[in-house]
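Engineer: Residue numbers (the numbering used here), protein chains in the order written: chain E, 252 to 433; chain W, 667 to 1112.
These are calculated hints, taken from the structure and not from any lab test. Being a predicted model, the structure only gives us computed values, none of them experimental. Hints are not guaranteed to be accurate.
What the hints assert, rightly or not - EDC-like, lysine to aspartate or glutamate: derived pairs with alpha carbons at most 16 Å apart:
1. W:Lys941 to E:Glu335
2. W:Lys779 to W:Glu790
3. W:Lys771 to W:Asp795
4. W:Lys1029 to W:Asp1018
5. W:Lys855 to W:Glu1076
6. W:Lys1096 to W:Glu846
7. W:Lys931 to W:Glu906
8. W:Lys941 to E:Asp399
9. W:Lys714 to W:Asp697
10. W:Lys1074 to E:Asp323
11. W:Lys938 to E:Asp316
12. W:Lys930 to W:Asp904
13. W:Lys1081 to W:Glu1042
14. W:Lys938 to E:Asp389
15. W:Lys761 to W:Asp747
As the list claims (entries may be wrong) - Just some of the chain W residues that point at chain E, by a computed CB distance under 8 Å:
16. Asp939
17. Asn979
18. Glu1052
We put the CB at the ideal spot given by N, CA and C, even for glycine.
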Amino acid sequence: MKLNKIFKNTLLVISAGIILTACATKKEVSTTKEAPKKEEPKKEEVTKIEKIAGQMQGDVYVGTDSVKYLADGVADRVFFATNESILTTASRETLRAQAAWLRENSNITIVLEGHADERGTREYNLALGERRANSAKDYLMTYGISSDRITVISYGKERPVDSGSNPLAWSKNRRSVTVKAN
Amino acid sequence: MLKKIVFSIILFFPINALALIEVDITRGNLDPLPLAVSPLSIDEVSRKKFEQILENENIGSEISLIVENNLRTSGLFNPLDKNAFLQAPEIANLKPRFEDWNLIKAQALITGKVNFVNDKLRVEFRLWDVLAAKEMMALAFTTVPTNWRRVGHIISDKVYERLTGEKGYFDTRIIYVAEEGPKTLRIKKLAIMDQDGANNKFLTLGNELVLTPRFNPTSQMVTYLSYFKNMPRVYLLDIETGTQEVVGDFPGMTFAPRFSPDGKKIIMSFAKDGKSDIYTMNLENRLVERITNHPSIDTSPSYSPDGKYITFNSDRSGYQQIYVMRSDGSNVRRISFGNGLYGTPVWSPRGDLIAFTKLHKGKFYIGVMRTDGKGERLLTENYYQEAPSWSPNGRVLIFYRETKTNSKGEGFSAKLWSIDLTGYNERLIKTETDASDPSWSSLLSN
């Protein structure tokens, strides 16, 4: 749904851009200097929106802005859709890489930190963060990581990584982060 | 400061006359009653004594200002401009010239007198019906001088009760979370203040994250969530002694605590393995009882005032909705069926309503519904607001509101607000820092 909306917006902006360009071309006859000025910001907007669309799939964040790494190529976090704690295909891939790395480094224990975005009530979000971190925990366990090595903590909406009030920021904040505990 | 202080109250005259003044409390601030709060008169010796002790130039005027401010913020009264008063305070307190007060359109008049007696503060006040030219009430209080603000609040409560027929809510305190710092790394401290924002005091240092403090309705105890040692747990804090202890021995996160109406139990959520259920702990025998057992998230429990029912938040239907069950966990039924998500249900101290937060189409609402879920009324809409807490008389809700940030993530703030049950009289409650998670105490006196 969200993707559709963003896609539509992108289309709208692109078509607006085309119309503007068309106008500009007409105007160019009278004022050559003004035309490129009007064109430029529109172009920027198009690329910006495409970038956002590229960073989200549905309303799940797929970019790498806030991601850190447990080891070479092993991302530390997975992202969730609004109100969801289901792991996406990309999240499962990330967690399998984490599990492989944890199997190789069997002395390492981890904390799974579950988070929610700011668009929910505080107490429900605490529970939701716990549920998200447990989704990650369950998956790591099916790939051979003992529950003894995993601690779960929920921060609800208390520790966002992005302080923005917009869909992209919220998508970065709906996350479970795997942190080395020792 | 936090010690319980005994007020000696002397009734001068029996109150049995039928109230002639009527305040319409069903409509909020549409037609507030005009009244005059005459500064309390004070003799020169007493004034100097109190100036010495309290560093307060004229405690008589100060107390009357507290009364005036309380009555104004209730939205039900319109205290008139003191510059228009014709009669001097000391004479008015003896025998008001009612025609003078009638002239400025005051329907009620409050007068009084302050004395320094045996190192104590003695305050008497009288409430007059101007139109009927009659005294409605006369009371005197004796207390330690440092308690002078509370005297103002108690007078306000007495006047409010006499004129509306309902208990007041002015001699109360609010516990809340004081916030500072960037949104990504907020520093949060427990703080407490008088209902009017005075006497603000921080109860924790901000070393660990603290959330959702709630008053015990019967004592000076508070329950809250602390991330002490990075383990989110429900704690119990005695605000008189400062002692605190963890509640129960749970192998995971406990959160969303609240007291039972008799103050003897704490009800809360316990989260484990991705599911949150509701538990109670009896504070006398420390017994823990499980109330719900469901794979969903069950949280934000709140007792009915008779202790027989619990309202709570659950996503067992797929999304956050409000439910009611018996206090033993039986007979669970969903009561919210409107469009959108519902959270933070809180049972009114009067028992007839449940206040809640609603999220619908990207907006947050504070609203009330009857306990069967019918008669939903949304009182206020905003970008983000939640966590209503009732005034002890069930007439006013206090909650917090957060602002939307700009594209750079700037411009964030969190503030406390109050609104009448009627949906009128929305007010910002001034706090020294940003603030959230307010909880209203019971009346401190009587």
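Engineer: Run every hint past the structure and note whether it holds.
Structural biologist: Structure-based check of all given hints:
1. With a CA separation close to 13 Å, the supplied pair W:Lys941 and E:Glu335 stays within the 16 Å bound.
2. Simply put, W:Lys779 and W:Glu790 have alpha-carbon atoms about 5 Å apart, close enough for the 16 Å limit, and the pair holds.
3. This hinted pair checks out: W:Lys771 and W:Asp795 have alpha carbons roughly 12 Å apart, not beyond 16 Å.
4. Pair hint W:Lys1029 plus W:Asp1018 does not hold up; C-alpha atoms about 26 Å apart against a cutoff of 16 Å.
5. This hinted pair does not check out: W:Lys855 and W:Glu1076 have alpha carbons roughly 22 Å apart, beyond 16 Å.
6. The straight-line distance between the Cα atoms of W:Lys1096 and W:Glu846 is roughly 15 Å, inside the 16 Å bound, and the hint therefore holds.
7. The suggested pairing of W:Lys931 with W:Glu906 is violated, with an alpha-carbon distance near 19 Å, which exceeds 16 Å.
8. For the hint linking W:Lys941 to E:Asp399, the alpha-carbon distance of about 19 Å lies beyond 16 Å, and the restraint is violated.
9. A C-alpha spacing of about 40 Å is found between W:Lys714 and W:Asp697, which places the hinted pair above 16 Å, so the restraint is violated.
10. As the CA atoms of W:Lys1074 and E:Asp323 are separated by approximately 31 Å, the hinted pair breaks the 16 Å bound.
11. Distance restraint check for W:Lys938 and E:Asp316: the Cα-Cα separation of roughly 31 Å exceeds the 16 Å cut-off, and the hinted pair is therefore not satisfied.
12. Pair hint W:Lys930 plus W:Asp904 holds up; C-alpha atoms about 14 Å apart against a cutoff of 16 Å.
13. Restraint check: the Cα-Cα separation between W:Lys1081 and W:Glu1042 comes to about 25 Å, which exceeds 16 Å; the hinted pair is violated.
14. Restraint check: the Cα-Cα separation between W:Lys938 and E:Asp389 comes to about 12 Å, which is no more than 16 Å; the hinted pair holds.
15. The hinted pair formed by W:Lys761 and W:Asp747 fails the criterion: a straight-line CA distance of about 20 Å is larger than 16 Å.
16. At a threshold of 8 Å, the smallest CB-CB gap from W:Asp939 to chain E is about 6 Å, leaving the interface hint in force.
17. The criterion of a C-beta within 8 Å of any C-beta in chain E is met by W:Asn979, whose closest approach is roughly 6 Å, and the hint holds.
18. The beta carbon of W:Glu1052 comes within 5 Å of a beta carbon in chain E, closer than 8 Å, and the hint placing it at the interface holds.
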